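**Q** What follows is the residue order along each chain.
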Amino acid sequence: MTLVLVADDSETILLLMRTRLELAGYEVETAADGQEVTERLRNGGPLPDLLLLDAMMPRKSGIDALRELRAEGIETPALIVSAHQDATDADAPSDLEVSGFVTKPIDFDRLLESIAELTRD
Amino acid sequence: MAVIGVGRFIQQRQDFEDAIGRSYRVEMAARVRLAQGSGSKTARATVATQARRREELRDQISADTRDTALLVAAGLIAGLTGALLLFSGLIASMRRPLEELVDAAGQLAAGDRSARVEVGGLSETATLGAAFNEMADELEQEASQRDQLDRLKDEFVLTASHELRSPLTSVLGFAELLMLERDSLTSKQVDTVEIILDNCRHLVRLLNDLLDLARSDAGRLAITPAPTEVAPLLDDAVRTMRAQTEAGNQTLSLQIEPGLPLVEAEADRIRQILVNLLTNAHEYSPEGASIAVTARVLGAEVEIAVTDDGPGIPESQLEHIFERFTRGDAGLTQRVGGTGLGLAISKSLVELHGGTIAVDSTPGGGSTFSFRLPAAAGPTPGHGRAAEEASR
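Read top to bottom, the protein sequences are chains U and P.
Sequence positions in the first sequence follow numbering that gives the first Met the number 0 and run 0 to 120.
Sequence positions in the second sequence follow numbering that gives the first Met the number 0 and run 0 to 391.
Chain U on its own, in the form it takes in the complex (with noise of 0.2 Å):
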């Protein structure tokens, strides 16, 4: 089952993420910040297909999160979501590799049709 990896600091985004993804049939993992997604993945957590992270989180972003996840190495496929109405590629760090940009409110159409096609092998 292919597993998508959700950082959001809102309970409430994070509760309709995992249902309307594992309505569609993905196994859906939660943390609340991108310090908890650095360390899960750090200890030997299982490697998810897909990370969706919140560019804007406390403690860590997620943004900083998957930079330090790219200098480690780990290259599984991004999406950024941000509530800036007109988030695109060309927001993206230069140096880090976005898979895309989701942005609040969210068109689930949208996103699950991007995370069928990043995670299909």
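What the hints contain is simulated information worked out from the structure, not anything from laboratory work.
One or more hints might be untrue.
To be verified - Coverage of chain U stretches by chain P, computed from C-beta distances (three or more under 8 Å per stretch; other residues unrestricted):
#	region
1	10–19
2	100–114
Stated by the list, open to error - Just the calculated beta-carbon pair ranges, DEER-fashion:
#	chain 1	residue 1	chain 2	residue 2	range
3	P	L148	U	I73	45 to 51 Å
4	P	L205	U	E96	31 to 37 Å
5	U	D106	P	D190	21 to 27 Å
6	U	G44	P	R145	52 to 58 Å
7	U	E116	P	R238	46 to 52 Å
8	P	Q243	U	E67	45 to 51 Å
9	P	S186	U	N42	47 to 53 Å
Claimed, not checked - Partial pick of chain P residues on the chain U-facing surface, computed with a CB cut under 7 Å:
#	residue
10	T158
11	H161
12	S165
13	L167
14	S169
15	L171
16	G172
17	V203
18	R204
Quantities reported herein were computed from a predicted structural model and do not represent experimental measurements.
Every residue gets a Cβ at the ideal spot worked out from N, C-alpha and C, and that includes glycine.
Place chain P on chain U using the hints.
**A** Chain P alone, transformed into the frame defined by chain U:
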């Protein structure tokens, strides 16, 4: 000089009258002696001499009067010239600071808040200059406070619309989730969820529009134009609107002139403008109305127009139509779900592209909103499509 002349003239006149008086007295004495019969010869000579003397005195005084008049006139002219010189000097000394004031006032009016004058000259102009500088100081201070308030307002709108997005995502997301299981909901529940969804989408539009306007005000609404094909954008916008126009039994047609050049534009923003214009046409037109999207080339520009045969716009509203929160008749507004910001944003966006937007409407005769975009340099794509008609 004139005063000296007049003084001397009065003195001369006095002397003359004294001399005339003396002459008469001498003559009278001579005539008395003649009447007494004594010394008649010398007395007669004295009478004649005195008459001649008075004659000479009169000549003398009239010559003196003429001289004095000339002297007075010369004095007056000299005095006037002097006064004139003095006065023009005075004017010159007032004029320089006044001119400086006029210049500075002009600069201030033109927006140069640092315009000040050098305080100096006569005490009146110095006071005026000081008052001007004081006023300019206050204006500068007020302007900078206003700028700061504007920045705060923009920051506030940016932050608020950003912060509102997360809870809105949840409400919208869970309502959508409910709709995924609509089969297990009663029809009343489905209606309820649909109302929630409608309002969420409205809020999203409002947030996006507010954000765009705040960015536009802050000069941070940026576009990245690239040579873009018009036809797919129009197709896309029309497809987006199809469901809504069909629900209102409205005809939505698309006509694109063949051989249309590429435009220099950001595709998403052009789509946004089109959807704004189409949403207005749809919402302000009655059931069964016709809405047409057309595109044609006009010189070095491409004109895209959205025409409806709806109720039209009264002239009094036309001139404010592109201002924010301007909307059509209140009667219609009741059922119109727009934000009142769409046209203001569309105008900003079109202008950001270096284009123009216009409206043409007559009450009862429908409305046409059209905008022009500069054509991109380079070859035109070969496949323009003509008269792509689709309805209901």
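**Q** State for each hint whether it applies.
**A** So, going through the hints one by one against the coordinates:
1. Beta-carbon proximity to chain P at under 8 Å applies to 5 residues in the region 10–19 of chain U; the threshold of 3 is reached and the given coverage holds.
2. Remark: the region 100–114 of chain U is confirmed as covered by chain P, as 4 of its residues place a Cβ nearer than 8 Å to a Cβ of that chain, reaching the required three.
3. Distance hint check for P/L148 and U/I73: the Cβ-Cβ separation is about 47 Å, which falls inside the suggested range of 45 to 51 Å.
4. Judged by the Cβ atoms, the range 31 to 37 Å given for P/L205 and U/E96 holds: they are separated by roughly 35 Å.
5. A beta carbon spacing of about 23 Å between U/D106 and P/D190 agrees with the range 21 to 27 Å that was offered as a hint.
6. Between U/G44 and P/R145 the beta carbons are some 54 Å apart, a value that agrees with the proposed interval 52 to 58 Å.
7. At about 22 Å, the beta-carbon gap between U/E116 and P/R238 misses the expected band of 46 to 52 Å.
8. In this structure the supplied range 45 to 51 Å holds for P/Q243 paired with U/E67, their Cβ-Cβ distance being about 46 Å.
9. Taking the beta carbon of each, P/S186 and U/N42 are about 50 Å apart, inside 47 to 53 Å as hinted.
10. Nearest Cβ of chain U to the Cβ of P/T158: about 10 Å, over the 7 Å cut. The hint is violated.
11. For P/H161, the interface hint holds, since its Cβ comes within 7 Å of a Cβ in chain U; the closest pair sits about 5 Å apart.
12. Contact between P/S165 and chain U, as hinted, is supported at the beta carbon level, the nearest pair being about 6 Å apart and thus within 7 Å.
13. With a cut of 7 Å, the hint placing P/L167 at the interface with chain U holds, because the nearest CB-to-CB distance is about 5 Å.
14. Taking 7 Å as the C-beta contact cut-off toward chain U, the hint placing P/S169 at the interface holds, the least distance being around 4 Å.
15. Contact between P/L171 and chain U, as hinted, is supported at the beta carbon level, the nearest pair being about 5 Å apart and thus within 7 Å.
16. This hint holds: P/G172 has a C-beta 4 Å from the nearest C-beta of chain U, less than the 7 Å allowed.
17. Evaluation of the P/V203 hint against chain U yields a held restraint, the C-beta minimum of about 6 Å falling below 7 Å.
18. This hint is violated: P/R204 has a C-beta 11 Å from the nearest C-beta of chain U, more than the 7 Å allowed.
In this structure, the earlier hints numbered 7, 10 and 18 are contradicted, and the remaining ones agree with it.
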